[in-house]
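First to last, the protein sequences are chains W and L. Take the first sequence: its letter number 10 is residue 10 in the working numbering, and every next letter is one higher. Take the second sequence: its letter number 85 is residue 1085 in the working numbering, and every next letter is one higher.
Please note: incorrect hints may appear among the correct ones.
Stated by the list, open to error - Under the rule of at most 25 Å between Cα atoms (straight-line distance), these lysine-lysine pairs were calculated in the DSS-like manner:
no. : chain 1 : residue 1 : chain 2 : residue 2
1   : L       : Lys1083   : W       : Lys68
2   : L       : Lys1083   : W       : Lys26
3   : L       : Lys1057   : W       : Lys26
4   : W       : Lys68     : W       : Lys55
5   : W       : Lys68     : W       : Lys50
6   : W       : Lys67     : W       : Lys26
7   : L       : Lys1083   : L       : Lys1042
8   : W       : Lys59     : W       : Lys26
9   : W       : Lys68     : W       : Lys37
Since the hints were derived computationally from the structure, they do not count as laboratory data.
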Amino acid sequence: QQPVQSPQAVILREGEDAVINCSSSKALYSVHWYRQKHGEAPVFLMILLKGGEQKGHDKISASFNEKKQQSSLYLTASQLSYSGTYFCPRRRNLEGSTLGRLYFGRGTQLTVWP
Amino acid sequence: EPEVTQTPSHQVTQMGQEVILRCVPISNHLYFYWYRQILGQKVEFLVSFYNNEISEKSEIFDDQFSVERPDGSNFTLKIRSTKLEDSAMYFCASSRQGYTEAFFGQGTRLTVV
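Please build the complete structure, drawing on both the sequences and the hints.
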């Protein structure tokens, strides 16, 4: 039930850009993006609640196409600290629902080299 | 900045022993979760807890697992009789609502020997 991400892995040089895509065969009511560094907990990056919404902070931004059930995460001028595994876990979060479970997939492993 | 805190950070236990993993969720959050991650594998959902009861559990969360909110701040995961395959990183998470972002604690690494 988890979304499918592409690519599975990407290697960048510092300063390069990357795009990570997330698509779901089931309805996406919202999109959550997390990053997990090796041996650490997943860290929340951003949530997009409406189709067409775009968000960003620092040089990481995301878009959400609700009709296509897709989201993309954009990393601009990547830094060494961006290295990690990125996830867009699916959540059945109809507003008012008590079901907050996140379905994690394998994610996209991003490695930034100096 | 409020954060989810977990204790202990590491726990080594013998097979068959009981362990209790502790979590302090963010204070104004209403939804609490436990996830686990076996080394090299996906983050897996165990259980969610809302309004002092389990709202959802996965097939992993069998009779050897239980959760409790013993007071207004702590949220615990008990594993009654640990098995070798329970060795994993266990993450607690909390969210304000069921559909809002979840924040994870730093994890407890459980090693069963």
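Quick rundown of the hints versus the structure:
1. Proximity of lysine 1083 (chain L) to lysine 68 (chain W) is assessed by CA-CA distance (about 43 Å); at most 25 Å being required, the pair is judged violated.
2. For the proposed pair lysine 1083 (chain L) and lysine 26 (chain W), the alpha carbon gap of about 35 Å is over 25 Å, so the pair is violated.
3. Distance restraint check for lysine 1057 (chain L) and lysine 26 (chain W): the Cα-Cα separation of roughly 20 Å lies within the 25 Å cut-off, and the hinted pair is therefore satisfied.
4. As the CA atoms of lysine 68 (chain W) and lysine 55 (chain W) are separated by approximately 18 Å, the hinted pair is consistent with the 25 Å bound.
5. For the suggested pair lysine 68 (chain W) and lysine 50 (chain W), the alpha carbons sit about 12 Å apart, so the restraint of at most 25 Å is met.
6. At most 25 Å may separate the alpha-carbon atoms for a hinted pair to count; lysine 67 (chain W) and lysine 26 (chain W) meet this at roughly 11 Å.
7. This hinted pair checks out: lysine 1083 (chain L) and lysine 1042 (chain L) have alpha carbons roughly 19 Å apart, not beyond 25 Å.
8. The hinted pair formed by lysine 59 (chain W) and lysine 26 (chain W) fails the criterion: a straight-line CA distance of about 29 Å is larger than 25 Å.
9. The straight-line distance between the Cα atoms of lysine 68 (chain W) and lysine 37 (chain W) is roughly 29 Å, outside the 25 Å bound, and the hint therefore fails.
Against the hints set out earlier in the document, violations occur for numbers 1, 2, 8 and 9.
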